[in-house]
Amino acid sequence: MEVRPVRPAERTAVRGVLNAAMLSVDDDALRRGTTLVAAADGRVVGALVLDGERVAAVAVRPGRRGQGVGTALVEAAAARRARLTADFDPGVRPFYESLGFDVERSDGRCYGVR
Numbered sequence: 310m311e312v313r314p315v316r317p318a319e320r321t322a323v324r325g326v327l328n329a330a331m332l333s334v335d336d337d338a339l340r341r342g343t344t345l346v347a348a349a350d351g352r353v354v355g356a357l358v359l360d361g362e363r364v365a366a367v368a369v370r371p372g373r374r375g376q377g378v379g380t381a382l383v384e385a386a387a388a389r390r391a392r393l394t395a396d397f398d399p400g401v402r403p404f405y406e407s408l409g410f411d412v413e414r415s416d417g418r419c420y421g422v423r
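Residue numbers for the sequence shown follow our numbering, beginning at 310 and rising by one.
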């Protein structure tokens with residue numbers, strides 16, 4: 310598996326990964342931010358959208374979850390930024406905590422800083 314910046318021809322695949330995870334990222338964030346992909350065998354298996362220091366979205370194809378793809382994406386983002394932030398549903402809190410995020414809960418959502 311390779312983690313790298315998205316290639317122009319892969320933008321549709323990124324949207325597919327995000328949509329499969331029921332994540333909505335506006336087009337402005339995709340354009341102005343840094344999008345990283347995890348690719349295996351020439352196929353996008355995961356994507357992370359980084360808008361400044363904020364992780365706007367991280368998603369992995371269902372068949373590849375639990376295999377370290379999301380972790381590799383967040384680690385690649387952390388290598389590009391001194392600080393990362395994210396807001397997310399409580400159900401993925403263990404994922405972010407396992408990556409070293411300090412997490413607070415407010416108004417039904419979680420906010421993390423690494």
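A couple of the hints might just be wrong.
What follows is a list of derived Cβ distance ranges for each label pair [said to hold, decoys possible]:
#1 Pro314 - Arg414: 30 to 40 angstroms
#2 Val412 - Leu332: 14 to 24 angstroms
#3 Arg389 - Asp411: 12 to 22 angstroms
No lab work stands behind these hints: they were computed from the structure.
Ideal Cβ positions, reconstructed from N, Cα and C, are used throughout, including at glycine.
- Query: What are the numbers of the hints the structure violates, in ascending order?
  - Reply: Every hint satisfied by this model.
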